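Asker: These protein sequences, in sequence, are chains A and B.
Counted the way my numbering counts, the first sequence spans residues 64 to 269.
Counted the way my numbering counts, the second sequence spans residues 64 to 269.
Rather than coming from a laboratory, the hints here were simulated on the basis of the structure.
Every value quoted in this text rests on a predicted model; they were computed, and no experiment measured them.
Among the clues, some could well be false.
To be verified - Label pairs and their in silico Cβ distance ranges:
(1) A:D95 <-> B:R176: 32 to 38 angstroms
(2) A:R138 <-> B:R138: 21 to 27 angstroms
(3) A:S243 <-> B:M65: 32 to 38 angstroms
(4) B:G86 <-> A:Q122: 28 to 34 angstroms
(5) B:D182 <-> A:A141: 47 to 53 angstroms
(6) B:K143 <-> A:R211: 28 to 34 angstroms
(7) A:L107 <-> B:D218: 26 to 32 angstroms
(8) A:N269 <-> B:G86: 49 to 55 angstroms
(9) B:A91 <-> A:D208: 23 to 29 angstroms
(10) B:K246 <-> A:P258: 44 to 50 angstroms
Quick reminder that beta carbons are idealized off the backbone N, C-alpha and C, glycines included.
Protein chains: 2
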Amino acid sequence: MMKFFYAPNTCSLASHIALEEAGAEYEAIRIDFTKADQKKPDYLAINPKARVPALVTEQGVLTETPALLVYVAQRYPASKLAPIEDPFALAEVQAFNSYLCSTVHVAHAHRMRGYRWADDEAAFESMRRKAPQAVAECFSLIERDMLREPFVMGDTLTVCDFYLFTLAQWLEADGVDIESLPKVKDHRRRISERPSVKKVVAAELN
Amino acid sequence: MMKFFYAPNTCSLASHIALEEAGAEYEAIRIDFTKADQKKPDYLAINPKARVPALVTEQGVLTETPALLVYVAQRYPASKLAPIEDPFALAEVQAFNSYLCSTVHVAHAHRMRGYRWADDEAAFESMRRKAPQAVAECFSLIERDMLREPFVMGDTLTVCDFYLFTLAQWLEADGVDIESLPKVKDHRRRISERPSVKKVVAAELN
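Make a model of the complete structure from these sequences and hints.
Answerer: Here's what the structure looks like:
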């Protein structure tokens, strides 16, 4: 059985939901960031990047949210969580996921993890001040140009919906006014009502 | 015919090489960042993110390097540039590309584009100072744990090789000692000698 390593309140939630929606058999294992579990030798042997998510499969370890999302969709084709056979449609899914990991998540990370990119408190504070604006600009673009409704890709649920839902969880803490993002807000509410999402969110916060 | 929008000395080089290696028919169109072409209405109509690369296909516009790389590989299956049919192998390709876009490229971007994440010169300077270390840490991980040789994925050339080659172009300017990365250095040299790579590099810098 696959082992899925996650931490609460991180982007691993997206892959966790995908596993649940796909009906995968997996054991979910929590990594406690408050105890720096991700930097301990046992976990570094699984993921030397000291990050979550990590998925231990029969063939080896996989990391990185966009990779896990498509992997789960492809491994469980009955779930139809990504249009694997259609190059253009798959590329649209991938472009969305890539924007989330390389731009949206990064903008958010500057609120709390400035030490990745600078060494002094004044710079951290500067990044913290800018984060609400940077995250808001990303989500404004998503609201205006990307989210097609009812799902990210239009009529069909895909892994993109779980990823957007995950990052949208952080909007209030990031200081972004969710009321300025009515489509994102409505999407977040609708996804939150899915049984798989309720189950996974409850399990992660338990 | 597809239109491929790129800018010299950016990550669009990776997709440009992939198109060339795949034997795609495409028109390459240069976006001049020194004239802020990427922020002009004509280009924003193509890519509202004001970034490169963008690929205008018969079905619509695609963006984001990891998405374009897999799209090109899947659209031109004879090129065998990604293991599309093998979920685990594809996920390994995707995990590598995702690490490059969300961590390595981001570490690099702090040297010149601090304005994305802060508003004051002192913070930009702090990010510039840290960039060599942050980029070096990423490439040390690639050197030690990811690059299998002779190609990123081992015996088979994939789109990962073009992406790594592209980001490795920036090491000297980022202040990273390439001599501390013998595998990355050798990989960069070998990829640079491919006819497709020579052709694309010459075209971009012409």
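Asker: Tell me if the beta carbons of K246 of chain B and P258 of chain A are separated by a distance inside 44 to 50 angstroms.
Answerer: Hint holds: Cβ distance 47 angstroms, inside 44 to 50 angstroms.
Asker: Starting from the range 32 to 38 angstroms, see whether the pair S243 of chain A and M65 of chain B falls in it by beta-carbon distance.
Answerer: Hint holds: Cβ distance 36 angstroms, inside 32 to 38 angstroms.
Asker: Please test the hint of 47 to 53 angstroms on the beta carbon pair from D182 of chain B and A141 of chain A.
Answerer: 49 angstroms, holds
Asker: Is the distance from the Cβ of D95 of chain A to the Cβ of R176 of chain B consistent with 32 to 38 angstroms?
Answerer: Given a distance of about 34 angstroms, which is inside 32 to 38 angstroms, the answer is holds.
Asker: Indicate whether the distance between the beta carbons of R138 of chain A and R138 of chain B respects the range 21 to 27 angstroms.
Answerer: 22 angstroms, holds
Asker: Determine whether the Cβ-Cβ distance between A91 of chain B and D208 of chain A falls within the hinted range of 23 to 29 angstroms.
Answerer: Holds, since A91 of chain B and D208 of chain A (Cβ atoms, about 25 angstroms apart) stay within the stated range.
Asker: Is 28 to 34 angstroms right for how far apart the beta carbons of G86 of chain B and Q122 of chain A are?
Answerer: 31 angstroms, holds
Asker: Would you say the C-beta atoms of K143 of chain B and R211 of chain A sit inside 28 to 34 angstroms of each other?
Answerer: At roughly 33 angstroms between Cβ atoms, R211 of chain A and K143 of chain B fall inside 28 to 34 angstroms, so the hint holds.
Asker: Does the hinted range 49 to 55 angstroms hold for N269 of chain A and G86 of chain B at CB?
Answerer: Hint holds: Cβ distance 53 angstroms, inside 49 to 55 angstroms.
Asker: Starting from the range 26 to 32 angstroms, see whether the pair L107 of chain A and D218 of chain B falls in it by beta-carbon distance.
Answerer: 27 angstroms, holds
In the structure shown, no violation is registered for any of the earlier numbered hints.
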